[in-house]
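Just need the whole structure built from these sequences, with the hints factored in.
Residues 1 to 246 (UniProt numbering) make up the sequence shown, in order.
No lab work stands behind these hints: they were computed from the structure.
A hint or two may mislead.
Pairwise CB distance ranges, derived in the manner of DEER restraints [stated by the list, open to error]:
| # | residue 1 | residue 2 | range |
| --- | --- | --- | --- |
| 1 | P7 | S48 | 21 to 29 angstroms |
| 2 | E153 | E8 | 30 to 38 angstroms |
| 3 | E170 | E102 | 27 to 35 angstroms |
| 4 | K147 | R220 | 20 to 28 angstroms |
| 5 | G136 | L85 | 35 to 43 angstroms |
| 6 | P109 | R83 | 24 to 32 angstroms |
| 7 | W212 | E88 | 14 to 22 angstroms |
| 8 | E170 | D211 | 34 to 42 angstroms |
| 9 | N68 | R140 | 24 to 32 angstroms |
| 10 | D211 | R61 | 29 to 37 angstroms |
| 11 | P174 | N68 | 15 to 23 angstroms |
| 12 | E202 | D144 | 21 to 29 angstroms |
| 13 | Q215 | R89 | 38 to 46 angstroms |
Subject to a maximum C-alpha distance of 16 angstroms in a straight line, what follows is the list of computed EDC-like cross-link-like pairs (lysine to aspartate or glutamate) [said to hold, decoys possible]:
| # | residue 1 | residue 2 |
| --- | --- | --- |
| 14 | K33 | D10 |
| 15 | K33 | E102 |
| 16 | K33 | D49 |
| 17 | K147 | E198 |
| 18 | K18 | E118 |
| 19 | K18 | E50 |
| 20 | K18 | D49 |
| 21 | K192 | D211 |
| 22 | K147 | E233 |
| 23 | K192 | D144 |
For every residue, glycine included, the Cβ atom is placed at its ideal position computed from N, Cα and C.
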Amino acid sequence: MGEMAVPEPDTAVVIPAKDEADRIGATVTAALKLPGVDLVVVVDDGSSDETGRVARAAGARVVRHSRNRGKAAAMESGAEAVRLLDEERPRHLLFLDADLGETAAAALPLIAPVRDGEADMTIAAFATRVKLGGHGMVVRLARDGIKRLTGWEATQPLNGQRCLTRAAFEAGRPLAHGFGVETGLTVDLLRKGFRVVEVEVEMSHRATGTDWRSQLHRARQLRDVGLALAAREPAVGQARSALRRP
Numbered sequence: 001m002g003e004m005a006v007p008e009p010d011t012a013v014v015i016p017a018k019d020e021a022d023r024i025g026a027t028v029t030a031a032l033k034l035p036g037v038d039l040v041v042v043v044d045d046g047s048s049d050e051t052g053r054v055a056r057a058a059g060a061r062v063v064r065h066s067r068n069r070g071k072a073a074a075m076e077s078g079a080e081a082v083r084l085l086d087e088e089r090p091r092h093l094l095f096l097d098a099d100l101g102e103t104a105a106a107a108l109p110l111i112a113p114v115r116d117g118e119a120d121m122t123i124a125a126f127a128t129r130v131k132l133g134g135h136g137m138v139v140r141l142a143r144d145g146i147k148r149l150t151g152w153e154a155t156q157p158l159n160g161q162r163c164l165t166r167a168a169f170e171a172g173r174p175l176a177h178g179f180g181v182e183t184g185l186t187v188d189l190l191r192k193g194f195r196v197v198e199v200e201v202e203m204s205h206r207a208t209g210t211d212w213r214s215q216l217h218r219a220r221q222l223r224d225v226g227l228a229l230a231a232r233e234p235a236v237g238q239a240r241s242a243l244r245r246p
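Below, the structure is given as structure tokens:
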């Protein structure tokens, strides 16, 4: 029985990162081993630690924001860096969180449906989920909003591990601000007829705690997801169009 053929390089990994020096090295190392991945771009989004240096040492190309600009801006910068390095055929884009560590090696099931032309965007559904206080409210807001606006029910609507074609990414721009990026991207692509599927993977990232910083993080998530959904409500869109008319 012959060995399984390794796919031609066709996928770039983009990792937004802020103050992740302790985990980014392991995440980059694991991502570079994924079959068909020949480029890992880390966007150092205003880190105050050695995130950029550690990522570069692990083999990533590093783009640095001098100040923190948020997740959506980091995703845009990373995708633009990949575009500049693309040749005739644009690479697929696999977005991963910086704190996945060695579990980033389990991302291949996210790439396969996009590579095989079966999906335009895949979203990870972590097989093992940590129950976190307060986080459920944000998930519920995103899930209910996506279903109301598109009819599609997501299991883990806020999961940032996703692979998409360059065409799908461009169709989803401009991205929703900050932590609303995943919700906005899902709504926009489904509305435009792109195929979105969830894929169960054995990945995990650091659990968000319950201290005041974690509560503030969830409050920002709630705000950004709410804003992303509000901007996509038909009534809001109609009002904006009316305001733009001369």
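Handout entry: Cβ distance range 24 to 32 angstroms for P109 and R83, holds or violated
Key = 25 angstroms, holds
Handout entry: Satisfaction of hint between D211 and K192, Cα-Cα up to 16 angstroms
Key = 40 angstroms, violated
Practice task
For the pair supplied as a hint, K18 and E50, confirm whether the alpha-carbon distance does not exceed 16 angstroms.
Solution key: It holds: about 10 angstroms lies between the C-alpha atoms, which stays within 16 angstroms.
Exercise for the section: Using the Cβ atoms, figure out if P7 sits within 21 to 29 angstroms of S48. Expected result: The hinted range 21 to 29 angstroms is violated for P7 and S48, with Cβ atoms some 38 angstroms apart.
Exercise for the section: For the pair we were handed, K192 and D144, check the Cα-Cα distance against 16 angstroms. Expected result: The hint is violated at about 19 angstroms.
Handout entry: Range hint compliance [Cβ, P174 to N68, 15 to 23 angstroms]
Key = At 19 angstroms between Cβs, range holds.
Practice task
Take the C-alpha atoms of K18 and D49, compute the straight-line distance between them, and say whether it is at most 16 angstroms.
Solution key: With a Cα-Cα distance of about 8 angstroms, the restraint between K18 and D49 holds, given a limit of 16 angstroms.
Exercise for the section: Verify the proposed pairing of K147 with E198, using a straight-line Cα cut of 16 angstroms. Expected result: 14 angstroms, holds
Handout entry: Hint check for R61 and D211 - Cβ pair distance inside 29 to 37 angstroms
Key = 34 angstroms, holds
Practice task
Mind checking the alpha carbons of K33 and D49 for me, to see if they're no more than 16 angstroms apart?
Solution key: Violated, because 25 angstroms separates the two Cα atoms, which is more than 16 angstroms.
Practice task
With 20 to 28 angstroms as the target window, see if K147 and R220 comply at their CB atoms.
Solution key: 23 angstroms, holds
Handout entry: 16 angstroms limit on alpha-carbon distance, applied to hinted pair K33 and D10
Key = Status holds; Cα separation ~13 angstroms.
In summary, the numbered hints that this structure violates are 1, 7, 16, 18, 21, 23.
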